[in-house]
Amino acid sequence: MAEKLQLVGIKKMLRGRQVLDGVDIDVRERRSLVIIGGSGQGKSVTLKCALGLMKPNAGQVLVDGADVTRMPEEIRARVMRKFGMLFQGAALFDSLTVWENIAFRLIYADNVARPEARERAIETMRKVRLSPDFADVRPIELSGGMQKRAGLARAIIAKPDILFFDEPTTGLDPITADAINDLIVEMTKELGCAAVSITHDMASARKIADEIAMLHGGKIVWRGPTASLDSSGNAMVEQFVAGRADGPIQAVV
Amino acid sequence: MINPFAPIGRATIGFCAEIGRFSAFTGRAAAAIVSPPIFIGQFLRQCLAIGYFSLPVIGITAVFIGAALALNIYVGGARFNAEQFVPNIVVLGITRELGPVLAGLMLAGRVSAGIAAEIGTMRVTEQIDAMTTLSTDPFRFLIAPRVLAATLTLPILVLAADVIGVMGGYLVAVNSLGFNGATYLRNTFEFVEAQDVILGLVKAGVFGFIIASMGAYQGYHSSGGALGVGRATTNAVVGSIVLILAVNYLITAFFVN
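Chains A and B, in that order, give the protein sequences. Using this note's numbering, read the first sequence as starting at 1 and increasing by one per residue. Using this note's numbering, read the second sequence as starting at 1001 and increasing by one per residue.
In silico contact screen, one side only, chain B against chain A (beta carbon under 10 Å); selected entries:
no., residue
1, Phe1039
2, Met1122
3, Thr1125
4, Glu1126
5, Gln1127
6, Ile1128
7, Asp1129
8, Ala1130
9, Met1131
10, Thr1132
11, Thr1133
12, Phe1141
Calculated from the structure, these hints are not laboratory results. Yeah, the Cβ is synthetic: ideal placement off N, Cα and C, and Gly gets one too.
Start from the sequences and build out the full structure, keeping to the hints where you can.
Set out below in structure tokens:
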């Protein structure tokens, strides 16, 4: 299987602080990688660099082997069409209805006619088990779990090659969080895409990951299959998984 | 030892950098206006929001300004027996100066603040990032329609303000100052020249561009949650007002010379 996405030696400095200091990750098609790590360790920045929302100071972002950081804008935009993203707060557009949010890319980027886009949006709502009765309401009227489902539907409607999840279960009750985890696993399998997620929810990481990588101090300090998480032999991973305040990682309070 | 000039230098460099960033932003916005894809639906929606829904506030401002102007010119003119020039000076003041400037200032409060708050909220809730991941350029979808709509609708609003402002002066002149209505209107139309109206409309177009660009710029670069959005909104209004007044002088000086 080929590498769908590779981050090679990514460095990023923000406000004088070296947030990423040579991050190397890769994910193959049909594989799910979860990046874990404490708050402020650069998980979101890693994801933003991969998505092209931030330009790294150094390093390469390779999509199907092509370095997107050095591409002309219009070619890069074409490559970015392979991506789908579920944001932490779902990031649904307040001014649009739920179906318009889900079909946003079809309508405005792919020029699909609105009736067809609506039909596909409703079909995708069913896939993520969000009732089509909510198609014409505004996102503000949805619960947190429903917003995540709508965000997931929006991310998958164009059948991306690589899916990104930013803290997909944050702010959800355990049952809803588990349902979202199940959906993520189901959708990534159904689409056959690669998935990269960031989370500090270990239950979520164990459920959706084939592999887990730990980011600390701007570097990947451990990476391995999900099954080996409890026998990683890495003191930082052990501390993080156990959720202990004492250990090599200093709690930021 | 602390260098007392360092804060001044830092502020000057910061100010120049801000001007540079704003110029680059407006250049990108202008490029997005003229290059496809153009989101016509968004543009029309913004014309409605910025233009049509601003009409009441512009109309109310214009009628009172026209009325007050007529009273002041009457009182001032009486000092050298020039009361008869009320219609001439009202129409000149409204079309060349007060119409566009006051419309610009009112819209700086209403439109620039609104754009900054809306785009700023979209920024801090990651909606702008989401739009980018959905293969849609926020400059084309969010910013270009707003800037174009403000640039095109403000001259129309100012044209309406000119008419309403002159009518405000007319109402006061006829009902309170004893002017003959027909004579007042004849004097107004005979005195006003096309270039007076055109100057006002040119100003209005430029002010519209400034108002929307400043609001979008501040919103687009906002960060830090509600506090950041609040700061962006304040900066948008203050920045728009300062720029409008400065550019107003430059355009007037250019036309006069």
